[in-house]
Amino acid sequence: MFRYAIKRVFAAIPTLLILIALAFFMIRAAPGGPFDTEKTLHPEIEAKIRAAYHLDEPLYQQLYRYLQGLAQGDFGPSFQYIDRSVTELIREGFPVSLQLGACAMLLALLVGVTAGGWAALRQNRPSDHAVMAASMTGISIPNFVVGPLLILAFAVHLDWLPAGGWPTEGLLARLPNMVMPVIALALPQIAYIARLTRGSMIEVLRSNFIRMARAQGLAQSTILLRHALKPGLLPVLSYLGPATAAVITGSVVVEQIFGVPGLGRHFVQGALNRDYTLVMGVVVFYGVLIILFNFLVDICYGLLDPRVRQRN
Amino acid sequence: MRLKSILLASTLALGGCGGGQEQAPVSYGPIGGETGQELAEVQVLHRGNGTEPQSLDPHRAEGVPSSNILRDLFEGLVAEAPNGELIPGAAESWEISADGLTYTFTIRPDGRWSNGDPVTAFDFEYGLRRSADPNTLSRYSSVLAPIRNARAVIAGELPPEALGVEAVDERTFVIQLEAPTPYLLGLLTHSTCYAVHRGVVEANGTNWSRVETHAGNGAYRLQEWVVQSHIRLARNSHYWDDANTTIDDVRYYAIDNQDAELKRYRADELDITSTIPQKQLKWIRQNLADEFRVTPYLGTYYFGFNTTQPPFVGRPGLRRALSLAVDRDIIAYVVSGAGELPAYSWVPPVRGYEQQVPEEAGWTQAQREAEARRLYAEAGYSAENPLQVEVLYNTSDNHKRVAIALAFMWKQVLGVEASLANQEWKVFLETRKRKEDTQIYRAGWIGDYEDAYTFAQLLESTNEQNDFGYDSPRYDALLAAASAEPDVALRARYLQEAERVLLADHPLMPLYFYVTKRMVKPWVEGYEGNIMDHIYTRHLRILKH
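Those protein sequences? They're chains A and B, same order as listed. Quick note, the first sequence lines up with residues 1 to 312 if you use our numbering. Quick note, the second sequence lines up with residues 1 to 545 if you use our numbering.
With the rest of the complex left out, here is chain B:
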């Protein structure tokens, strides 16, 4: 057991019992010693990581908990700085051809696998082909689509060797694209694009990603894996930038109960949490405000309309009425309240894309409500003949609170009679996909890479996840034009125009842009937070405390 001063315990006790104003950090003594930069002797980082990760094979894994760990175990051609900016990773530099179709990477000479073998261009060639090969059963290979022939390879029509990737020599790696893809570099930070060690994979089959045989080229190597408890990584002494890595040992804890996670954080068993329990938000603000870190996140929380069934089929006016009647300030600031930003558009703020601001964003809520009432009446509804609608959400306290708020606002402003229905997650997904029984449903979309396209493509008529049933030839045409456009500025304009088309049609009702919210101990240095929420352990340090 850890030893800790009685002073600290009693201070925490006071803070916890009374819910008073006493700040916990006060009792920790000077963080970082006298200089403020002194490092702790023991460099072990404890990170809360949500649910149990599915796999540590970068090509077969899925979900945020796996990705967080894979980011420490592997390094893509491109990596990210603490603020999310792209920096050289396994490749020390790259060149992009004038037509934007050919990327030539120079692999760094000092890159090493955790078993000491050099990292070469051939590892990336093997890795990307393996990732696209349908026999790998990668659940995420569709993000490789911009690479030449990727779609055909994934569909099993072409062999993996036909994929547009090539190792020219040990240090030169070339990626050919189908069409200019400005977000390609960002995409290469995704685990689907990591290299894997050919020898290890071929010798061990699908079992290679377990503790005994795992090999990666990242700053850490896999040390221990206790299912439903924790995964321990130790420093990879072969990593090229090991000299600038400070933390020796990082432990990822599988804690799916947010209350339990916060308690373990308060007992100093965790340095960083994966999230916070929404119900404790007020308590955290009062007692641990300095350790509460909120960062914009690449995601939009929204409610979708099923545009293929009554009452919403062919009625953008009615959809607009419902959307306008919702006071987003209340949803974002009161119902959620962790720092989420009210959303009137679909694509959250991303680099290289001008955020769309529909006119109603500038109106007062009274103006919005007046317009909503006008449109509602125009659609043929009134106090005597109110719209009856079902709002579907997946079972969760937070979604329930939002759904209740929506129903209340619609009742007050328009007189709509909304009923609430909740379903367990998998049932909900199936109902939503079937597009038969849904009318209005909750959803959220988190971007896979920092580009507007990851949001735009969801509403393409051919997209399998288009649960709205949204089908706009003009929208599809604009997306196709954007995909083929080599000029980055022009491409952005196509996408912006597409979003304007979308926002005018109202197949969905954006409510707020997500934020990541977590607790970070004051002695964790180097935590900045970024829109992708990619936190590399190698950028962090533990100060004396």
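Isolated chain A, as found in the complex:
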């Protein structure tokens, strides 16, 4: 297992380097630069700013400089938020996205697996159709519709929850602010997870070893929880890796609608502002998380599926 982990870490390095290089050149290839605004800069000032950010150097040198910084955990200064470094923006934004994302994923797992499993047991009955219809709706209605509807209902009309914002006076003060963003983030995930669970559970329940278990006269609940659930969750697990990485790094839409200072807004705002370092920082960070979560998923696979264990 340890050797396997080491192997994976080394395999991740070239992937990351390719990702960095691609992102590095692509953001610079986009027309317009970080300092283009409606009011043109004085040429002398522009030259000095470019020099201050090393944009006057050849590209390969800039990339080398960037990698050097990265090796020391330094993502460089933000071009847009000139008082801050990208490392700092990520350090401040990520915990926020993580809090929301983790809650949303937990909620999604609980509700999604329960609903999916239940639907699988009642395959083709009205309750199955109802769950699947609801989850189809969940997948197809985008966040930017759900979010404002939630706000209109619970903040503007009922006045139960705040319409947005992120109080900094501690977690307790923030809880009411978290409810709606978590729901908005979780809804599409619930839907996906329910559909995945249902599909794979149906397949598992039809397989020979379950039939065997039934023939042995095991109780239905034992069959379900001890034998069917583990293999039934495998596809959900593969989905969970990248999905968790995506959800905990924040959603632009949800963060904008609810005024949440997470990482997601930096993705889009950074790209629009041509804030090269910020975009790079977020991409690299996200890339590392994706690799990490895929790795975790692989390990969990081994724990859940004896066939994978044997192969290793």
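It is possible that some hints are incorrect.
Reference excerpt, derived from the structure (chain A facing chain B, CB under 10 Å, subset only) [stated by the list, open to error]:
(1) P43
(2) E57
(3) G262
Simulated crosslink set (DSSO-like; lysine-lysine; CA at most 27 Å straight-line) [stated by the list, open to error]:
(4) K435(B) <-> K279(B)
(5) K435(B) <-> K39(A)
(6) K433(B) <-> K279(B)
(7) K48(A) <-> K279(B)
(8) K426(B) <-> K400(B)
(9) K433(B) <-> K400(B)
(10) K435(B) <-> K411(B)
(11) K433(B) <-> K282(B)
(12) K39(A) <-> K400(B)
(13) K400(B) <-> K435(B)
(14) K426(B) <-> K39(A)
(15) K48(A) <-> K282(B)
(16) K39(A) <-> K433(B)
(17) K435(B) <-> K48(A)
(18) K411(B) <-> K400(B)
Pair by pair, the computed Cβ-Cβ distance ranges are [what the hints assert, rightly or not]:
(19) E202(B) <-> V9(A): 40 to 50 Å
(20) A47(A) <-> Q176(B): 22 to 32 Å
(21) A173(A) <-> E417(B): 55 to 65 Å
(22) T395(B) <-> A21(A): 28 to 38 Å
(23) L98(A) <-> K279(B): 29 to 39 Å
(24) E57(A) <-> S93(B): 43 to 53 Å
(25) A153(A) <-> A234(B): 32 to 42 Å
(26) T168(A) <-> A361(B): 46 to 56 Å
Since the hints were derived computationally from the structure, they do not count as laboratory data. Where a beta carbon is used, it is the ideal one built from N, C-alpha and C, also for glycine.
Position chain B relative to chain A; hints supplied.
Frame of chain A; chain B shown alone:
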């Protein structure tokens, strides 16, 4: 969570669901108590502030969101009253020499930094030199150009010490100008001209403008800064006019989604919004009309012609034809419709400048269209040989609506075949600047100070932002004459003549003058609105509600 009466919630619900006529303020109870002037116990103001501000270093910041906050954190030599009138700020008085070239300011004796240190003339000397110093990387230092030697200092040809500013003693500050500049006092309200605390800046380098070390001489001091969420300011107890300041705590929220901003306003989480979502205009008019505040704004919305490429190079007649064919009343009142004023001239109404009214402004639309058709035919186009043109705008629903309206009007009146193209903002800026592929493009210009010159200079042939490629020796000469003219009235006449030259050449097609449009809660007292949209929190109060 805030507590609020169920009555209020249900009233809002009714108003929101039915889109009915019920006015929300009715349910708030008597604003300002029995006298109408009673203050709320909690004086906390929540302001929507658009995008995340770039910086709170007045010399390095750029953009409206930063400026709004800096206005509370700092005070220039000159400040503004709620109606925009210039009033003494850090300077209690000033004298202007007869030739208009020397301004002598007397710094008020009771001015204090937020750390308690006195504000002196030396702080302003240091501040202005720092602002002009190219090593500060100020993105806005070009507005200092009227000050003696400023251009050379910014270009790195002279040291910052050569800038025409001098602290004679602690309380006397002198600014020398290159040429008479009637708008200098207004310019001094701009953040580029603020003083900064030398000790704090030198001890902390570029990091000084963060929460831990920030120091200002304004009515508020920086308390908390959560990126992409909010910035909280608390009262600066050292501020000289703190006794007349009412609001204790002001929070600026970074909300770039206008729909979200309006919802938070409706949930009483914001007292003042930065703007409104255009799509909700009708709903606001029906339901929250009393809280909807519209004020003329120093800006012109226009479409520019690229005068360096076909089909518009050397063809003012054709440009005029397209301009005349546009019904500005429809653009301003129907397509935009928040109170924007139809524009036939370039410079919006500003003090000390007679607004130019070209003859077509007085015509009926039918007359304009007849003239447009005549000019169109004269330019060699007809139904069989229509003009084909591309209209470029930066991606946005509002600009798209205007562009569609233009294309439709040109098609109807002249038979022009216009195609629409949109580009993402930064791409658009680059395309526009290159002047190769553009034919007609959308643009807007917001003045930096209240003077016609901030508009006039855009079309100077040497101006780097002259995306029209407009090059008129006569226009340039008139602007040069205006810049050198000490007599204020004569200077205005030069500028007016220059605008007439410009309007006859039609390098651009003004459509309307901007307005600021925002929601203001009925309990916010002291909000007046002004053409620069400079709203100082210290002028506001929160009434009991």
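Practice task
Could you work out which earlier hints the structure fails to respect and list their numbers in ascending sequence?
Solution key: Checked against the structure, the hints that fail are numbers 2, 4, 6, 7, 11, 15, while the rest are satisfied.
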